[in-house]
Each structure stands twice: as structure tokens, then as C-alpha cells.
Amino acid sequence: MNNLLWIGRRVPRKVAPTVLQAWCSPSSLWVAFDTLGGAQSTIHTRLASIATGSATEGDVKALAAAHKSFSALKGSMGFGVLAKVSHPKGPRSIKSVTVDLSIIGGSTLTKLHDDGKHGDGKGGDGLWGTQVRFLPGDFPSLPRHDRRWGLPANARSAMTVTALDTSGQKDSHSAVIAIRRKPAPISIWPGGRRFRFAGEIVEGLVTVSQYVDRRGDPNNPALLIQAAGPGPWRAAWHIGEGRLNISGCDTLQGRIQA
1 MNNLLWIGRR VPRKVAPTVL QAWCSPSSLW VAFDTLGGAQ STIHTRLASI
51 ATGSATEGDV KALAAAHKSF SALKGSMGFG VLAKVSHPKG PRSIKSVTVD
101 LSIIGGSTLT KLHDDGKHGD GKGGDGLWGT QVRFLPGDFP SLPRHDRRWG
151 LPANARSAMT VTALDTSGQK DSHSAVIAIR RKPAPISIWP GGRRFRFAGE
201 IVEGLVTVSQ YVDRRGDPNN PALLIQAAGP GPWRAAWHIG EGRLNISGCD
251 TLQGRIQA
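Per my numbering, residue 1 is the first one in the sequence shown, and the count goes up by one each step.
Hints are computed from structural coordinates only; laboratory data are not their basis.
A quick note: this is a predicted structure, and the numbers were derived from the prediction, not measured.
One thing to keep in mind: the hints can contain errors.
[Said to hold, decoys possible] Straight line, CA to CA, 30 angstroms or less: simulated DSS-like cross-link-like pairs of lysine-lysine:
(1) Lys95 with Lys61
(2) Lys61 with Lys89
(3) Lys122 with Lys95
(4) Lys111 with Lys61
(5) Lys117 with Lys95
(6) Lys84 with Lys61
(7) Lys14 with Lys170
(8) Lys122 with Lys61
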């Protein structure tokens with residue numbers, strides 16, 4: 001045995017991209033579909049009046065207002081998809097990172113970017129991202145409500161993020177988002193004022209299109225509100241018995257009771 005030379009074949013290590021993590025930001029949304037549906041209905045009704053030649057000045061004004069509301073809400077409803085991707089040969093070996101949005105009616109090959117312009121941190125840091133916008137009809141498979149709470153029984157949607165390198169090697173990871181169609185009434189105390197986050201005008205200040213419910217996190221009890229139109233997420237603040245105010249970055253004061 002001591003005089004024998006054993007010659008074996010070394011199996012090379014696979015050189016491929018790795019999707020270390022993929023997630024949605026925010027990971028849980030309440031989405032107000034009612035206001036969009038109402039705006040669409042108004043647009044269709046007023047256009048019908050114009051088509052039949054029976055339109056009034058009021059029809060034209062209502063059409064313009066509904067279109068403005070629809071456009072603002074359409075632009076504000078969305079979330080980010082993010083993925084942390086690595087490669088043994090460095091980031092330049094990654095050809096593309098995509099997410100399959102077919103579950104919400106989107107493209108199967110929606111691109112993520114690592115350029116620092118899509119909520120992805122700094123360019124070239126290995127964090128890839130994209131912003132997804134959606135419409136009311138994009139979630140046809142989600143149940144409308146459960147009977148007790150008025151919430152969907154199952155609102156979780158998993159989307160596959162895939163990294164492809166220059167040699168054709170791939171790796172995938174799922175990004176999950178929970179989307180609820182119709183927000184339930186929320187009471188905020190003190191004051192006991194009761195209102196509904198369902199795309200309505202709240203105290204005449206803002207049209208709410210979606211919000212993130214962080215009541216389950218005792219260290220961050222804010223309800224994050226995104227108003228109609230593009231813009232940053234902001235925290236809601238109930239000022240005593242006053243109005244809902246989303247200007248600035250205030251935190252929710254007082255106890256929240258569903």
C-alpha cells in the first residue's frame with residue numbers, strides 16, 4: 001500500500017449564485033379596494049353619459065375628479081421586493097435577478113435592480129430590489145373576508161425570486177407578502193373615535209389607500225399610513241379627541257382597540 005499512488009478525480013465546487021434571503025417590504029398590507037372600485041364605477045358611468053350625448057357639466061367635473069382619485073390611488077398602492085444575492089466570483093457574475101409576480105397578475109420576469117434607485121440600498125452592494133404597483137383586480141384568488149373578523153381567511157402570497165449568473169446557473173428563494181383586501185374598523189382611545197381605513201376621507205385630511213398594522217409589535221405600535229399619491233410611509237397620530245394626522249413622522253398615541 002505504501003508504494004501505491006492513488007489517483008482520484010476531484011469534484012469541482014459548483015460556482016453559482018445564491019439568493020441568501022428574499023422578502024417583501026412591507027411584508028403585510030391592508031389594501032382599500034373599495035375606493036378604487038368606486039372611482040372606476042364613476043368613470044364608467046360618466047363616460048356612458050358622454051357617449052350617449054346626455055352629459056352635463058356635472059358629469060364632466062365628476063369624471064375629472066374620479067380620474068384624479070383613481071390615478072392617485074393607483075400610484076400609491078404597492079410594496080417592495082428585496083433580495084440579498086451573492087456569487088463566489090463577485091457581483092459582476094450575476095446576470096439578472098427577477099421575481100415572478102404572476103400570482104398577482106404581473107410579469108413572470110419582473111427585474112430587480114442593484115443600482116441604489118429601487119429601494120435596494122447602495123448600488124453594487126448585493127441587495128437587489130424593485131417596487132411593485134398593483135390594482136384591485138390583481139388578487140382574484142384571495143378570499144374576500146372571513147365571517148368573524150371581516151378579514152380574508154388566507155392572504156399570504158409567495159413570489160419566487162430567481163438569480164441567474166453569466167454561465168446560466170440559477171438559485172431561487174420565496175418572498176412572501178400578506179395582503180388583506182378590506183380593512184376592519186379600528187377604534188383609537190382615548191376619545192373612542194371610530195373610523196374605517198377603507199380608502200375613505202378620514203376627517204377630511206387624507207384618502208387612505210393602505211397601511212401596515214404593527215399592533216403585534218409592542219416595540220413599534222404605530223399604524224403606518226400611505227396616503228393617496230406617491231410618497232413615503234408615515235406614522236398615524238391620533239391627537240386626543242382630535243383628527244387623524246399623517247404629517248411628519250409621529251407615532252400613534254394611546255391604546256389601539258380593534
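The hints, checked one at a time:
Between Lys95 and Lys61 the alpha-carbon distance is near 49 angstroms, which puts this suggested pair outside the 30 angstroms criterion. Straight-line distance between C-alpha atoms of Lys61 and Lys89 comes to about 59 angstroms, which puts the hinted pair past the 30 angstroms bound. For the suggested pair Lys122 and Lys95, the alpha carbons sit about 18 angstroms apart, so the restraint of at most 30 angstroms is met. Restraint check for Lys111 and Lys61: not satisfied, since their Cα atoms lie roughly 39 angstroms apart, outside the 30 angstroms limit.
The hinted pair formed by Lys117 and Lys95 meets the criterion: a straight-line CA distance of about 18 angstroms does not exceed 30 angstroms. Pair hint Lys84 plus Lys61 does not hold up; C-alpha atoms about 48 angstroms apart against a cutoff of 30 angstroms. A hinted pair counts as satisfied when its Cα atoms are at most 30 angstroms apart, and Lys14 with Lys170 qualifies at roughly 11 angstroms. With a CA separation close to 45 angstroms, the supplied pair Lys122 and Lys61 exceeds the 30 angstroms bound.
The structure shown violates the earlier hints numbered 1, 2, 4, 6 and 8.
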